[in-house]
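Produce the entire structure from the sequences given, and follow the hints as far as they go.
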Amino acid sequence: MIDVHELRVYFDSARGLVKALDGVDFHVGRGEIVGVAGESGCGKTTLALAISRLISSPGKIMGGKIEFEGRDIIEMDEDEFRKSYRWKKIAMVFQGSMNGFTPVFTIGSQIDEVLMIHGYHGNRVDRIAELLGMVELEPGIARRFPHELSGGQKQRAFLAMALAIDPPFLIADEPTTALDVLTQSSIINLLKTLRKKKQISIMLVTHDLALLSEIVDRVYVLYAGKLAEVGTSDAVFERPKHPYTKGLIASVPTITGKSISGISGFMPDLVNLPPGCKFAPRCPNVMTICKNEEPRVQRISEEQKAACWLY
Amino acid sequence: MVFRKKPFLREETHVKAVDGVNLKIRRGEVLGLVGESGSGKTTLGKAAIGLIKITSGKVKLYRRDNTPADVSSAKGSQWKRMRAELQMIFQDPYSSIDPNMKVYDVLRIPLEAHGIKKKAQVDTRIISVFDQVGLPADIFNDYVFQLSGGQRQRVGIARVLLFSPSFVVADEPVSMLDVSLKGDILAIIKKISENFEVAFLFITHEMAVARVISDRIAVMYLGQIVELGTSESIVSSPLHPYTKALLEATPYIDPSKRDILKQVNIRGDINSDRPDPSGCKFHARCPYVMDVCLTQIPSLKEKESGHDVACWLY
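Chains as they are written, first to last, in this note's numbering: chain L, 1 to 311; chain S, 1001 to 1314.
Calculated directly from the structure, the hints in this document are not laboratory data. Mixed in with the good hints, there may be bad ones.
Quick list of simulated restraints, FRET-style, between CB atoms [said to hold, decoys possible]:
1. L:G16 - S:N1100: 17 to 25 Å
2. L:P139 - S:S1299: 35 to 43 Å
3. S:S1175 - L:R144: 23 to 31 Å
4. S:Y1314 - L:Q199: 22 to 30 Å
5. S:Y1314 - L:T256: 20 to 28 Å
6. L:Y311 - S:D1131: 22 to 30 Å
7. L:R144 - S:I1116: 50 to 58 Å
8. S:G1149 - L:E113: 36 to 44 Å
9. S:Y1288 - L:S57: 52 to 60 Å
10. S:T1295 - L:T256: 36 to 44 Å
All values reported here derive from a predicted model rather than from experimental measurement. The beta-carbon is built from N, C-alpha and C at its ideal position, and this holds for glycine as well.
Laid out in structure tokens, this is it:
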């Protein structure tokens, strides 16, 4: 469905060139839920923005390809992308989406506008009720204004709006981070149901590893703009290969109460990246070659790939 | 620390942010306070150290020499002395520490405010707290804006330790930090609690974090504590339907749970602006609701040794 190859996105900042994404491959198949994990500054949101064609100055796509259903969407004319792809085929829900509603119109009228603009031919009133029902909101919400809703309700309403035209591909970037755990749980259940019923493909970007492990088929782990590891959910969470992935998993607090470790050191400055492997300064298994040469992504098992000199 | 009933009224509409909470926190204990937004947990935390005026009830601090002191009504120099013993770690390290100050000054100024002015004394104290939080002395002259979130949070904790407090309220101290940094901060808090017998009220909305750091956990809903027990018993044998729902909804790294829809059978949002329902505040969302729940508020009672719950099921 979506194929990203060697994507490079750089930002021109006052301090220098920020290599937010530096040669990343990414793929989501039909009906797949794929996770993109990593901490702040790893490039995961940049990846989501690049696919949505929302990278704007000072950021620029400097290389690579993004193909959606076989068509190159980087080179595509903005008009065509807006008319045929954005919202119709590629829908987006971001962390602050709940604030994306304009406060002066009702929720219903805003969803209605989306339906009209994208040429929805059925009965719009019915469709709005159906969409709200899908996200477990009562139909009366359509008549309310955004400020009358709680954060969780707004986020769900936005998700309903994103799904208005039945897009086959949904990008969700930290969709539940600002929400309470119970609301988060119901939204995740909703995404699972959508995949089952409509075969929708989902790209779920979040730092919350526990959340990812509950829903994704495959997961990409990014570090400092590069891919550290990718594999099936089982493989990566149960048998992580890259030291960063291992450190990350060991840092997640769990209900069992086992004490958690951290990863020493800090994320590198994306303007002044160290030579060689970007994780070398913090890696417990670092070797000489790591400081000099960057490892390429290699297949480690049938279900896993990692970029690490240990393999 | 001992609290008694404390409703907190705001403006004309009487939002009972904290409504009848009784809680004892022991010396050197880490008590996790778990609740969602709107549960009143931050209000309770602030009231516990006198940052908010309480409407009724008492907050009593038993000082290091065991003399009781009333936090809620202290004034003047008595209050000033008590301030040093009661401290708070804030959620957002970017907005709770002035980014335009030098790190050294962030710690020097409170010391001077409490009469410690000689450079040698100030330096000794600052180096000592830096050591406890694992910060290198060479960042003394850096500006706070040069530090990362994790480093700033450590400065925030160092600031709290300046006066050897006996009670610290930590309000979501790791919520805004990346996963790889949480462990370190939690370890620092645990170490301080054990080595210096500092009691912590650790406020969080994440059960997993509470489980890792707390000795006991109190679960809060709409201004009331609905369950209280050791963190082990709360997690392995939750009693209150709300606690069970929170645990069920908490994601857990376990790929075998993928594709299974979570059985969280309560609906709706915690809506703290709605007028107080009569009876148990949870009844509108409770899957086990009975007639008595609609009219009478259950009080927190001991169900098993050291495990209290406020629910008509018991």
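Evaluation of the provided hints:
Distance hint check for G16 (chain L) and N1100 (chain S): the Cβ-Cβ separation is about 24 Å, which falls inside the suggested range of 17 to 25 Å. Between P139 (chain L) and S1299 (chain S) the CB atoms are about 39 Å apart, so this pair conforms to the stated range of 35 to 43 Å. The supplied range of 23 to 31 Å is met by S1175 (chain S) and R144 (chain L), whose beta-carbon atoms lie about 29 Å from each other. Checked against the given bound of 22 to 30 Å, the beta carbons of Y1314 (chain S) and Q199 (chain L), roughly 46 Å apart, lie outside it.
The hinted range of 20 to 28 Å is satisfied by Y1314 (chain S) and T256 (chain L), whose Cβ atoms lie roughly 26 Å apart. Checked against the hint of 22 to 30 Å, the C-beta distance between Y311 (chain L) and D1131 (chain S) comes to roughly 39 Å, which is inconsistent with it. Take R144 (chain L) and I1116 (chain S): their Cβ atoms lie about 55 Å apart, and the range 50 to 58 Å holds. Under the hint 36 to 44 Å, the C-beta atoms of G1149 (chain S) and E113 (chain L), about 38 Å apart, fit the expected range.
Taking 52 to 60 Å as the suggested C-beta distance range, the pair Y1288 (chain S) and S57 (chain L) conforms, at roughly 56 Å. For T1295 (chain S) and T256 (chain L), the Cβ-Cβ distance of about 39 Å falls inside the hinted range of 36 to 44 Å, so the restraint holds.
The structure fails to meet hints 4, 6 from the earlier list, while all remaining hints are met.
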